[in-house]
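Trainee: Given the coordinates of chain A, assemble chain B onto it according to the supplied hints.
Chains A and B, in that order, give the protein sequences. The letter at position 261 of the first sequence is residue 241 when you use my numbering, and the numbering goes up by one with no holes. Whatever position you read off the second sequence (first residue = 1), add 51 for my numbering.
Everything labelled a hint here was simulated from the structure, so no lab data went into it. Do not rely on the hints blindly, as some may be mistaken.
Okay, derived cross-link-like pairs now, DSS-like style, lysine-lysine, Cα gap no bigger than 30 angstroms in a straight line [stated by the list, open to error]: (1) A:K(-17) / B:K185; (2) B:K94 / B:K214; (3) A:K217 / A:K179; (4) B:K94 / A:K164; (5) B:K127 / B:K146; (6) B:K94 / A:K346; (7) B:K152 / A:K267; (8) B:K94 / A:K(-17); (9) A:K239 / A:K169; (10) A:K164 / A:K138; (11) B:K237 / B:K185; (12) B:K214 / A:K(-17); (13) B:K237 / A:K(-17); (14) B:K127 / A:K346; (15) A:K268 / B:K231; (16) A:K346 / B:K185; (17) A:K216 / A:K138; (18) A:K217 / A:K(-17); (19) B:K192 / B:K231; (20) A:K164 / A:K(-17); (21) A:K346 / B:K152; (22) B:K152 / A:K(-17); (23) A:K216 / A:K183; (24) A:K267 / B:K146; (25) A:K179 / A:K239.
A short, non-exhaustive set of chain B residues, derived as facing chain A with CB atoms under 7 angstroms [claimed, not checked]: (26) E83; (27) Q87; (28) Q97; (29) R125; (30) Y172; (31) G173; (32) E217.
The beta carbon of each residue, even a glycine, is placed where N, CA and C say it ideally should be.
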Amino acid sequence: MAKRIGIEVSLAVAEAVKLADTDVIAAYPITPQTHIVEHLSELVADGSLDAAYIPVESEHSAMSSCLGSSAAGARTFTATSSQGLALMNEMIYIAPVLRTPIVLAIANRALSAPINIWNDHSDIMSVRDAGWICLFAENGQESLDLTLISFRVAEDPKVSLPVSLNLDGFTLSHFIEPIEIPDKETVDKFLPPFVPCFKLDIKAPMSLGLLGGPEYYTESRKATDDALLASKTVIKKAFAEFNDVFGRQYNVVESYQAKDAETIVLAMGSISETAMTAVDELRAQGKKVGIVRLRLWRPLPIEEIVEAVGHAKNLAVIDRHLVLGAPYGPVGLEMMSVFYSASQKPNISNFVLGLGGRDVTRDDFKYIFDRAAAQQGQTRYEIVGVLE
Amino acid sequence: MASQDASGITIMSMLEIRFHGRGGQGAVTSAELMAQTAIGMGKYAQAFPSFGPERRGAPVTAFLRISDSPIRIREKVYEPNVVVVLDPTVMNVTKVDQGLKPDGLLLINTHQSEEQIRNRYGFTQKISTIDAVKIALEELKVPITNTVMLGAFSKVLGQATLKDVEEPFTHRFGGALAVKNLAAFKRAYEETKGVA
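Extracted from the complex, chain A is given alone in its bound form (with noise of 0.2 angstroms):
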């Protein structure tokens, strides 16, 4: 087994592109990204990686070289967060309908405004529907581990999609802890070199990204959907091989004490540590508290949700991100859609925090499991420690 070492977050994702042989870096540095691919247009520069890093001039030109490297056979990876991640909003509409299977790591950065550059999930909120495949990290190890698997995942004939990593900006991307970093012999285990299903070739031209009109569109976008949903499968399997080849297990969602839970809290990323610290210590009172995290956004894994809270008394979903004007957060909808048609179902509830960075403590979880526990019906998010 590797051993163990105290690493930035950051390093390791880029230690990771190094070791998936990445083809082509396109990126433009933005907090709390930067550390990422500084590292790796150093790893480019020492020659230890060989790739072409392209620093382009935005992250629009960033994620435009991405589709024409990916479209040419390339294995392909950029990072960006928050106003990057708005800038690239244009192309990352295109790349899942192309097909060009571009692993993006996103630090996730609250959007302005105000300007702020801390953690919440709006970024990727923001995109949520451009038919990425989103996956959750909740620590260093997984932030390394889901860079190989999303790189895996995208490339794979039956998927062929781009696939967004998410990790909390400065909650993960600036922590250092403890991280196996893993042999190149055992990666490519893994991960085996990529065989596009199409490319650009000057040999065999061809044309990607045509205009698709009435007779088309609707299509195209449903093919894109029936991939999109079709992906899960490969991606628990990709689970189950890499846990073959590294010992570690990951499921597109991840129970914590929630199989005899009365309440539960169903969170994503990095806060889902702390609120499992929070559990141990509410265990330890006798309540019957659990934590479920969505470690796949999108698809939606809808099966696994239900079979993993349904049975819950109560469900407090967590949002990271504030959808102005309207009555739930994105996860908190998402949810009550799930539920709607069930005939048994948990009370359901929605609170937001973590807002811009601001801190997600145990406290705030021993909160909301009391709250989830004594209200009904709740017809409106809840902002916990909101100052009004």
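Mentor: Coordinates of chain B only, in the frame set by chain A:
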């Protein structure tokens, strides 16, 4: 779970530390190097800065957790066991003992005595002082106190020895600078006074 460390402070299975300094003095580096040292020793640790726009000279906070088992918590450190002050002037603008456990410890870079510090700031917890600027100027020729403070920290809390920091220091500083920082660590380790 609880154990007595070298200073006689009771430490639960996880040690939580908060570093106070000014931008450029290495508070963040201190936390990072100590985390890497502990991880190199087979323990679990995490280090992270209090994220904000970094400005040279402005008060900076960094956090460190060290544990024998995996750490599953990512909130800031609110009730530290130990507070490390890299720059004594920070104590004039920041309440550095905020949330410090009653049986906790303040490790302070100052040329003043424990008694002088206690009288001036009213700290009720244990205090250990070291004139880190003096050692840094003599060993490193610059008033950057991070590795000196780690030497004092390691001595008082029994967390690491010179041998344990060799690899992380060499990795971080490289060559001649690593040698100087190891010398600074060693001197602080040897000269650190007891806990008052």
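Trainee: All the hints need checking, so say for each whether the structure fits it.
Mentor: Tested hints:
| no. | hint | result |
| --- | --- | --- |
| 1 | A:K(-17) / B:K185 | 38 angstroms, violated |
| 2 | B:K94 / B:K214 | 16 angstroms, holds |
| 3 | A:K217 / A:K179 | 25 angstroms, holds |
| 4 | B:K94 / A:K164 | 25 angstroms, holds |
| 5 | B:K127 / B:K146 | 16 angstroms, holds |
| 6 | B:K94 / A:K346 | 29 angstroms, holds |
| 7 | B:K152 / A:K267 | 27 angstroms, holds |
| 8 | B:K94 / A:K(-17) | 12 angstroms, holds |
| 9 | A:K239 / A:K169 | 35 angstroms, violated |
| 10 | A:K164 / A:K138 | 25 angstroms, holds |
| 11 | B:K237 / B:K185 | 14 angstroms, holds |
| 12 | B:K214 / A:K(-17) | 19 angstroms, holds |
| 13 | B:K237 / A:K(-17) | 27 angstroms, holds |
| 14 | B:K127 / A:K346 | 17 angstroms, holds |
| 15 | A:K268 / B:K231 | 55 angstroms, violated |
| 16 | A:K346 / B:K185 | 47 angstroms, violated |
| 17 | A:K216 / A:K138 | 13 angstroms, holds |
| 18 | A:K217 / A:K(-17) | 26 angstroms, holds |
| 19 | B:K192 / B:K231 | 9 angstroms, holds |
| 20 | A:K164 / A:K(-17) | 14 angstroms, holds |
| 21 | A:K346 / B:K152 | 22 angstroms, holds |
| 22 | B:K152 / A:K(-17) | 34 angstroms, violated |
| 23 | A:K216 / A:K183 | 37 angstroms, violated |
| 24 | A:K267 / B:K146 | 36 angstroms, violated |
| 25 | A:K179 / A:K239 | 47 angstroms, violated |
| 26 | E83 | 5 angstroms, holds |
| 27 | Q87 | 4 angstroms, holds |
| 28 | Q97 | 5 angstroms, holds |
| 29 | R125 | 5 angstroms, holds |
| 30 | Y172 | 26 angstroms, violated |
| 31 | G173 | 27 angstroms, violated |
| 32 | E217 | 14 angstroms, violated |
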